[in-house]
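Engineer: Required output: the full structure, derived from the provided sequences and hints.
Here is how the chains run, residue by residue.
Number of protein chains: 2
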Amino acid sequence: MNPITGTQLRLYNRLDSLFATWAREWNAQEYRVPPFISVSELKKIDYFSSFPHLITFPATLRSESLQEFTQINQDEQKEIQITALNPIHEILTPAACYHFYILLQGSNLQQPLYLTTCANCFRNEKEYLPLQRQWSFHMREIVCIGSMEEVQSFLKNMRQKLEAYFASISLPVTWAEATDPFFNASSNPKFLSQVLDPVKTEMLYENQLAIGSINFHRNFFGESFHIQTNGNAAFSGCVAFGMERWMFAYLTTFGKDENSWPGI
Amino acid sequence: MNPITGTQLRLYNRLDSLFATWAREWNAQEYRVPPFISVSELKKIDYFSSFPHLITFPATLRSESLQEFTQINQDEQKEIQITALNPIHEILTPAACYHFYILLQGSNLQQPLYLTTCANCFRNEKEYLPLQRQWSFHMREIVCIGSMEEVQSFLKNMRQKLEAYFASISLPVTWAEATDPFFNASSNPKFLSQVLDPVKTEMLYENQLAIGSINFHRNFFGESFHIQTNGNAAFSGCVAFGMERWMFAYLTTFGKDENSWPGI
Numbered sequence: 495m496n497p498i499t500g501t502q503l504r505l506y507n508r509l510d511s512l513f514a515t516w517a518r519e520w521n522a523q524e525y526r527v528p529p530f531i532s533v534s535e536l537k538k539i540d541y542f543s544s545f546p547h548l549i550t551f552p553a554t555l556r557s558e559s560l561q562e563f564t565q566i567n568q569d570e571q572k573e574i575q576i577t578a579l580n581p582i583h584e585i586l587t588p589a590a591c592y593h594f595y596i597l598l599q600g601s602n603l604q605q606p607l608y609l610t611t612c613a614n615c616f617r618n619e620k621e622y623l624p625l626q627r628q629w630s631f632h633m634r635e636i637v638c639i640g641s642m643e644e645v646q647s648f649l650k651n652m653r654q655k656l657e658a659y660f661a662s663i664s665l666p667v668t669w670a671e672a673t674d675p676f677f678n679a680s681s682n683p684k685f686l687s688q689v690l691d692p693v694k695t696e697m698l699y700e701n702q703l704a705i706g707s708i709n710f711h712r713n714f715f716g717e718s719f720h721i722q723t724n725g726n727a728a729f730s731g732c733v734a735f736g737m738e739r740w741m742f743a744y745l746t747t748f749g750k751d752e753n754s755w756p757g758i
Numbered sequence: 495m496n497p498i499t500g501t502q503l504r505l506y507n508r509l510d511s512l513f514a515t516w517a518r519e520w521n522a523q524e525y526r527v528p529p530f531i532s533v534s535e536l537k538k539i540d541y542f543s544s545f546p547h548l549i550t551f552p553a554t555l556r557s558e559s560l561q562e563f564t565q566i567n568q569d570e571q572k573e574i575q576i577t578a579l580n581p582i583h584e585i586l587t588p589a590a591c592y593h594f595y596i597l598l599q600g601s602n603l604q605q606p607l608y609l610t611t612c613a614n615c616f617r618n619e620k621e622y623l624p625l626q627r628q629w630s631f632h633m634r635e636i637v638c639i640g641s642m643e644e645v646q647s648f649l650k651n652m653r654q655k656l657e658a659y660f661a662s663i664s665l666p667v668t669w670a671e672a673t674d675p676f677f678n679a680s681s682n683p684k685f686l687s688q689v690l691d692p693v694k695t696e697m698l699y700e701n702q703l704a705i706g707s708i709n710f711h712r713n714f715f716g717e718s719f720h721i722q723t724n725g726n727a728a729f730s731g732c733v734a735f736g737m738e739r740w741m742f743a744y745l746t747t748f749g750k751d752e753n754s755w756p757g758i
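In order, the protein sequence lines correspond to chains L and Z. Numbers 495 to 758, taken from the working numbering, label the letters of the first sequence in order. Numbers 495 to 758, taken from the working numbering, label the letters of the second sequence in order.
Note that these hints are calculated values from the structure, not bench results. Hints are supplied without guarantee of correctness; some may be wrong.
The list makes no distinction among identical chains, and a pair is therefore deemed to hold if it is satisfied within one copy or across any two copies.
Below, simulated SDA-like cross-link-like pairs (lysine to any residue); rule was C-alpha separation at most 20 Å, straight line [said to hold, decoys possible]:
| no. | residue 1 | residue 2 |
| --- | --- | --- |
| 1 | Lys655 | Thr673 |
| 2 | Lys650 | Trp520 |
| 3 | Lys750 | Thr499 |
Structural biologist: Shown next as structure tokens:
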């Protein structure tokens, strides 16, 4: 991850403007979400047993261990060694839309809600590749929370919009059912449920790089965070765009000349 | 730290547009910087002995310790317990402009450079207060790197611009010399140097909350990162704006009605 500027920054901004335009078509409310998310909230969706391998913890040194820390790290040639850490109450945001279910928990919706944000997300991976697979990356999401019909209608409409968009600019994107990357997947009932009844459809650039996804959460977040609509646990779904991966797809397909970027 | 939307988000955006306008008056190049910054680079400025108490480390679990992690964290009522961590090679960005000195290291400037970014920064503190003192916050910086005269001229011009701005909108801001919050300050030669020859001037809202600062680094970063101008270590300086603290100052002084916000 390096700073970006010039052409790359303009590509990032033009892509995000496109996604924001689509969000406005649903009158989606724009949010800025923080980089941290609460451990106690994520426990409600069993995050720590499902995705421990992806987590980045924001760790700080106990004040009693600062003196020791400075002493053992005097050698500039060696790796930094951490000393005793403060208790962990947050992790770095793994997905943009979690913030919304936490924000809305306990509420009773009178009509479907549409929300959007572009969030800095963090996923620990075995390998990284600039733009394609980063520890820190940005995810624009458009989220619908409401009845099953409202959510399914939103996702269907977005799928059609995206298919038309990819066709109009001749971006080689195919669609594929996928599952979330569960830890110990084969023994996790949530993973098995996803295999039996797919809820995630990825937009695969050149048949391999997922530049975005359409996700139907059923009423999982509505139940976990007690969000209701007409007396029932609310359904939810989201369309997620990986900003850096879209940049990669545009730069690879259309080149670095910003006058040659179609559709944005 | 909660998600922000509506009026608060518009205030954030309007303030940042103001700062970006000032940056453009210097033709400052706009950057987006990553949230992580390299340990090995920060060692070059003795960061780990000077500010260990402020650091947030992005910590991830060793793959061998994942099974143990899920086992010891099954009790939902208890705090999360971390297990063995991977080696630390990055920390979360403590100040926006560090990215620029790293980016430019080893270069020989033919003319003064002006750069700007609005970065998510992280500082561990004993206490937090929304908008006023946050673990994660945003800092807009305008940076000048060049000769001593060029940097001093930039800082002097910005000081005059800011004084005129605060007067024009009647925002109660005073100026005060300050020092960086060194660990073990009294035994750190860098702190003593700052006391003898102040290099940091803060913009104090209501005589107490630093909403920004003007910093003259002398040739400290030029020497540390081998950035030269005309054969000498480059000088640098920056003007930094704490986005959330400016929001606090505006909301406290001018209220929540966005039509009553002057100057933006």
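Engineer: Have a look at Lys650 and Trp520 and pick one of within, between, both or neither, based on CA distance no larger than 20 Å.
Structural biologist: within (13 Å within a copy, 48 Å between copies)
Engineer: My question is about Lys655 and Thr673: at a cut-off of 20 Å on alpha-carbon distance, are they close within one copy, between copies, both, or neither?
Structural biologist: Neither: 23 Å inside a copy, 55 Å across copies.
Engineer: Could you figure out if Lys750 and Thr499 sit no more than 20 Å apart (CA to CA) within one copy, between two copies, both or neither?
Structural biologist: within (13 Å within a copy, 34 Å between copies)
Comparing the model with each numbered hint stated earlier shows that hint 1 is the single one that does not hold.
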